Amino acid sequence: MKVTVTVNGGEVAAEVADRTLLVHFLRDVAGLTATNVGCDTSSCGACTVLLDGRSVKSCTVLAAQADGRQVTTVEGLSSGSEELHPVQQAFRAEHGLQCGFCTPGMVMASVSLLAENPSPTEDEVRSALEGNLCRCTGYHNIVRAVLAAASERRPS
Amino acid sequence: MIPAPFTYQRASSVDEALELAARAGEDAKFLAGGHSLMPLMKLRLAVPETLIDIGRLGELSYVRADDGHIAVGALTTHDDIARSDLLASELPLLAHAASQIGDPQVRHCGTIGGSLAHSDPAADLPAVAVALGATFVARGRRSGTREIAAGDFFLSLFETVLEPGELLTEIRIPKPQSAGWSFQKFAKRGIDWAIVGVAVQGPNVALVNMGSTPIRARGVEQALAAGSGPREAAAHAAEGTSASDDLNGPRAYREHLARVLVGRALAEAASRG
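If you read the sequences in order, they're chains A and B. The letter at position 72 of the first sequence is residue 72 when you use the working numbering, and the numbering goes up by one with no holes. The letter at position 70 of the second sequence is residue 70 when you use the working numbering, and the numbering goes up by one with no holes.
No wet-lab data here; the hints were simulated from the structure. One should not assume that every hint holds.
What the hints assert, rightly or not - Negatives, chain B to chain A, calculated, CB over 12 Å: (1) Ala4; (2) Pro39; (3) Gly144.
What the hints assert, rightly or not - Between beta-carbon pairs, the in silico distance windows are: (4) Leu155/B / Ser79/A: 47 to 57 Å; (5) Glu19/B / Cys99/A: 32 to 42 Å; (6) Ser178/B / Tyr139/A: 32 to 42 Å; (7) Leu247/B / Gln70/A: 37 to 47 Å; (8) Ser242/B / Ala93/A: 47 to 57 Å; (9) Leu43/B / Ala17/A: 16 to 26 Å; (10) Gln98/A / Glu232/B: 43 to 53 Å; (11) Arg142/B / Lys2/A: 26 to 36 Å; (12) Ser143/B / His95/A: 19 to 29 Å; (13) Ala149/B / Arg69/A: 28 to 38 Å; (14) Thr137/A / Ser143/B: 49 to 59 Å.
Please read all numbers here as calculations on a predicted model, not as lab measurements. Note that CB positions come from ideal geometry on N, CA and C, so glycine has one too.
Turn these sequences into a full structure, and let the hints guide you.
Structure, rendered in structure tokens:
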């Protein structure tokens, strides 16, 4: 079927099989390979992207379900390494990543959290990231990074 | 993992969804949030020939107060239920249980109707609906509109009284007579299905994952009605259950968990009553 998705502000249209998953549409059709396939069973969150502004696991969403909608991947948060999104900046400053595999999903889940709750407590950050697994077990610094990004964005 | 091939169709109204389902026949499935169905399809445990996407039927996403009950549209997401002010004040058991499902990404997609119609005994909302004495509204081309009591709805694992092509459209929940409520579940990780769970609303006690459907803990309810305290009543939690043995633990372990969780739930409900 013909699927048209607005990805990071630009339209991506393609004829794909009905069973195409959104994560494969993003990686193989749109050529955006930051979004990782981890567990492929909607457990690990490595494939987290924003669908109409809210975090979803793109391994469990059909491309057809995103037809006509807005998707944001980590590539859409900033224009390059010189101009990082505040959440990306905080992950770098607080050493919120080790191997980096979970990072795109962690960042997108964090962006979704801060859009819904701009001033989360530490407990709220930990709950909000329950669906994102870090295989390096670097959770403490990830939580610190999200809290730092939140305080950075808060007007003082 | 990729699902087996299927034909995708998108409905733009309930009527169209029923029409598409009638045309597609018995091997069609409705797709709501897809967070129960899609994992099964990726494992090839479910192989529908046609998926009818009802995910954009905004007409089925709402929470509103009607005469004496709260009406929740079948496509209301877990996240919307968890954030509903009306539900927080009128049906805190439902709002709280929805906030404990899976993780934020799952709650952004998963819907109450999808969870109920999927009929997984490890899911939280079926037991919550039973404890709340909910009534489900279903529409079908042949059966028309009918109401089904939550206690009569679930037949077995992945099986309900819904006929092929029949669509769950609304969940009606009476305003509870008794304020005390609690929802408890035990899982290995926050995102996991409950190994055992329990929903309490007033005198009603329903168990998650203690059989092939949500189960009313009748022994507990009768003990409470006879004046037993929480701890005494909780001793009856495993009566009449048929929990399975699996890699999460043997049946005896689940029965122990049921007694412990029911005890905690009754104590918490009493403190809120």
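Do the hints match the structure? See the list:
1. Look at Ala4/B: its CB is around 7 Å from the nearest CB on chain A, not clear of 12 Å, so calling it non-interface is violated.
2. With a closest Cβ-Cβ approach of about 6 Å to chain A, Pro39/B is found to fall inside the 12 Å limit, against its non-interface label.
3. With a cut of 12 Å on Cβ distances, Gly144/B stays outside the contact zone with chain A, its closest approach being about 29 Å.
4. The supplied range of 47 to 57 Å is met by Leu155/B and Ser79/A, whose beta-carbon atoms lie about 55 Å from each other.
5. Take Glu19/B and Cys99/A: their Cβ atoms lie about 50 Å apart, and the range 32 to 42 Å is violated.
6. Checked against the hint of 32 to 42 Å, the pair Ser178/B and Tyr139/A passes, with Cβ atoms roughly 40 Å apart.
7. Distance hint check for Leu247/B and Gln70/A: the Cβ-Cβ separation is about 40 Å, which falls inside the suggested range of 37 to 47 Å.
8. Between Ser242/B and Ala93/A the CB atoms are about 54 Å apart, so this pair conforms to the stated range of 47 to 57 Å.
9. In this structure the supplied range 16 to 26 Å holds for Leu43/B paired with Ala17/A, their Cβ-Cβ distance being about 18 Å.
10. For Gln98/A and Glu232/B, the hinted distance range of 43 to 53 Å is satisfied, since their beta carbons lie about 51 Å from each other.
11. As the Cβ distance of Arg142/B to Lys2/A is approximately 33 Å, the hint placing it in 26 to 36 Å holds.
12. Between Ser143/B and His95/A the C-beta distance comes to about 59 Å, which lies outside the given range of 19 to 29 Å.
13. Taking the beta carbon of each, Ala149/B and Arg69/A are about 37 Å apart, inside 28 to 38 Å as hinted.
14. Here the CB-CB span from Thr137/A to Ser143/B is close to 52 Å, well matched to the stated 49 to 59 Å.
Hints 1, 2, 5, 12 from the list above are not met by this structure, while the remaining hints are.
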